[in-house]
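Now for the letters of each chain:
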Amino acid sequence: MTSTDDNLIEIRELRFAHGPRVIFDGIDLSVPRGKVTAIMGPSGTGKTTLLRLIGGQIAPDAGAIKVDGLDVTGLDNKGLYALRRRIGMLFQGGALLTDLNVYENVAFPLREHTDLNESLIRALVLIKLQSVGLRGAQMLMPSELSGGMARRVALARAIALDPMMVMYDEPFAGQDPISMGVLVKLIRELNDALGLTSIIVSHDVAEALAIADYVYMISNGRVVQGGPANELADSSSEWVRQFMGGLSDGPVPFHYPARDYAEELLER
Amino acid sequence: MTGAIQQLGIDTLNSLARLGRRAQFLLQTLSGIGSLLWRPGLVVAQLESVGVRSLVIIVVSGLFVGMVLGLQGYNTLVDFGAEESLGVVVALSLVRELGPVVAALLFAGRAGSALAAEIGLMKATEQLDGMAMMAVDPVKRVIAPRFLAAFIAMPLLAAVFSAVGVLGGYVVGVEWLGVDGGAYWSQMQGKVDLYEDVYNGVIKSIVFGFAIAWLATFEGYDAQPTAEGVAKATTRTVVQSALVVLMLDFILTALMFGEI
Ligand SMILES: Nc1ncnc2c1ncn2[C@@H]1O[C@H](COP(=O)(O)OP(=O)(O)OP(=O)(O)O)[C@@H](O)[C@H]1O
Ligand SMILES: [Mg+2]
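From first to last, the protein sequence lines are chains B and V.
Under this note's numbering, the first residue of the first sequence carries the number 1, and numbering increases by one thereafter.
Under this note's numbering, the first residue of the second sequence carries the number 1, and numbering increases by one thereafter.
No wet-lab data here; the hints were simulated from the structure.
Heads up, a few of these hints could be off.
[Claimed, not checked] If you only want the chain V side, here are some residues facing chain B, beta carbon under 10 Å, derived:
no.: 1; residue: Ala4
no.: 2; residue: Leu13
no.: 3; residue: Met131
no.: 4; residue: Ala135
no.: 5; residue: Gln189
no.: 6; residue: Val192
no.: 7; residue: Asp193
no.: 8; residue: Leu194
no.: 9; residue: Glu196
Here a beta-carbon is modelled for each residue, glycine too, at the ideal position from N, C-alpha and C.
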């Protein structure tokens, strides 16, 4: 995990703040090629923000983000778009195009970026929809989907162009145990069969540890712990225990930064 | 006191920043229009939702405005025994002023607000971000076709408004009040000048169309990505469009007809 060539993504000394609120305070993180890397952390730590930084949608205040050897922060628009063609992203909310049905949503990147004929597009779309179990829902509009279904359609769309890397923002949220199991398997299989690199953002410790090769735990703007998943799974690390046990006390703070509780209560 | 002055400074800076974003947005949009040559389908689809769906309100309003002009014009003209000139009064009022202006106000209310809301909502639901992450430029794919469609639709709708209005004036003046039908049309043909009146009216509607297209798409694109932000963007579109249209109308009228 040290040589640059083995890592698809290298993040060094990353700093980012929303106004006065510091989200990242010097993060170092590497995502190895061909592996599934999970990024975990409590709600509001900036996991989604991290994916946006990697995709070049927002610019960091300091630090370097390299994707496949390219410095994302230094790319011009054209370079950025060329890079993004090779990245699939599953948005937390799905981000489906509301004026297109499920089929057209999955076909969208194909129509925009390829000159494939209609029958080929159709075959590709149906294959992707079949793999997320929603081929039967192809004619539904996004407003007719449940949150979990919408996320699966978004997944099918994210992999439509066979990218080199897929970033999944909370793919398991809102999934029942069956689709969860199917998704875990699907993400793993996609990763291994197509030689992708996958980044999964999740709260779900058990699922994440089961699917991921590497795990990073982010909290309070820093990487609290990172390493191979199997080592962390049976480590006696405090945060693993805190997360597994769902405890509010531990290394990972449950509360949004605030001033002293007693002081605020007793005020006036 | 210092608070108020400080606020004034903040507001000024904010509106200057907005102005800059507005100009930059326009440049981006205009440069995106070129790529639409290869995908006319995108514009046609928007022409339908922007233009065709505004048609009903334009036709109905045009009819009523024309009928009111017919009534008012007749009442004034008949005192001078000049009711034969009713066609000229109705047509000139519509072609020079009311056609472009009222159609623009209606268009801003019907299509401009819908555009701003639609784009704002796409932003709030991460659809624009999602597109950008799929390496599809949302300005080219979403904004430019809508901008162009609104720009094209506005002059056409203003023309429809004027045409229907002239018919409305005919119904009231000729059918109900008994003005001579031949005179209504022939006086109109004789006195309404193609360059002086019709072209100037068309120029107005083109300018208004540009302003509304710009305002509506920008407000949607620049909206805060929340329900409240979208609501604000929609309101701002209608209010600003109305003010801008009326202001531009005065300036254009002064330039076109002022020196006579
Ligand atoms: N536009 C914004 N302005 C100010 N603060 C913001 C903005 N967007 C996000 N934040 C803050 O940035 C922090 C990180 O947000 P982010 O969406 O990345 O969290 P997350 O880790 O993905 O959380 P979750 O697991 O709930 O999705 C949050 O604390 C949020 O308050
Ligand atoms: Mg998130």
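Query raised in the report: Given Ala135(V) was flagged as interface, is its beta-carbon under 10 Å from a beta-carbon of chain B?
Result: 4 Å, holds
**Report entry** Hint check, Glu196(V) versus chain B [nearest Cβ-Cβ separation less than 10 Å]
**Finding:** 44 Å, violated
Query raised in the report: With a cut-off of 10 Å, does the beta carbon of Leu13(V) approach a beta carbon of chain B closely enough for the hint to hold?
Result: Result: violated, 16 Å to nearest chain B Cβ.
Query raised in the report: Taking the least C-beta to C-beta distance, is Gln189(V) closer than 10 Å to chain B?
Result: At about 46 Å, which exceeds the 10 Å cut-off, the nearest Cβ of chain B leaves the hint on Gln189(V) violated.
Report task. Under 10 Å, Cβ to Cβ, is where Leu194(V) needs to be relative to chain B, so tell me if that hint holds or is violated. Result -> 41 Å, violated
Query raised in the report: Taking the closest Cβ pair, is Val192(V) under 10 Å from chain B?
Result: Since chain B brings no Cβ nearer than about 42 Å to Val192(V), farther than 10 Å, the hint is violated.
Query raised in the report: Hey, does the Asp193(V) contact hint survive, CB to chain B under 10 Å?
Result: With a closest approach of 44 Å, the Asp193(V) hint is violated.
Query - Restraint satisfaction for Ala4(V) [CB to CB of chain B, less than 10 Å] - result: Where the cut-off is 10 Å and the nearest Cβ of chain B is about 24 Å from Ala4(V), the hint is violated.
Query raised in the report: Can Met131(V) be said to touch chain B, with a Cβ gap under 10 Å?
Result: 8 Å, holds
Hints 1, 2, 5, 6, 7, 8 and 9, counting from the list given before, are not met by this structure.
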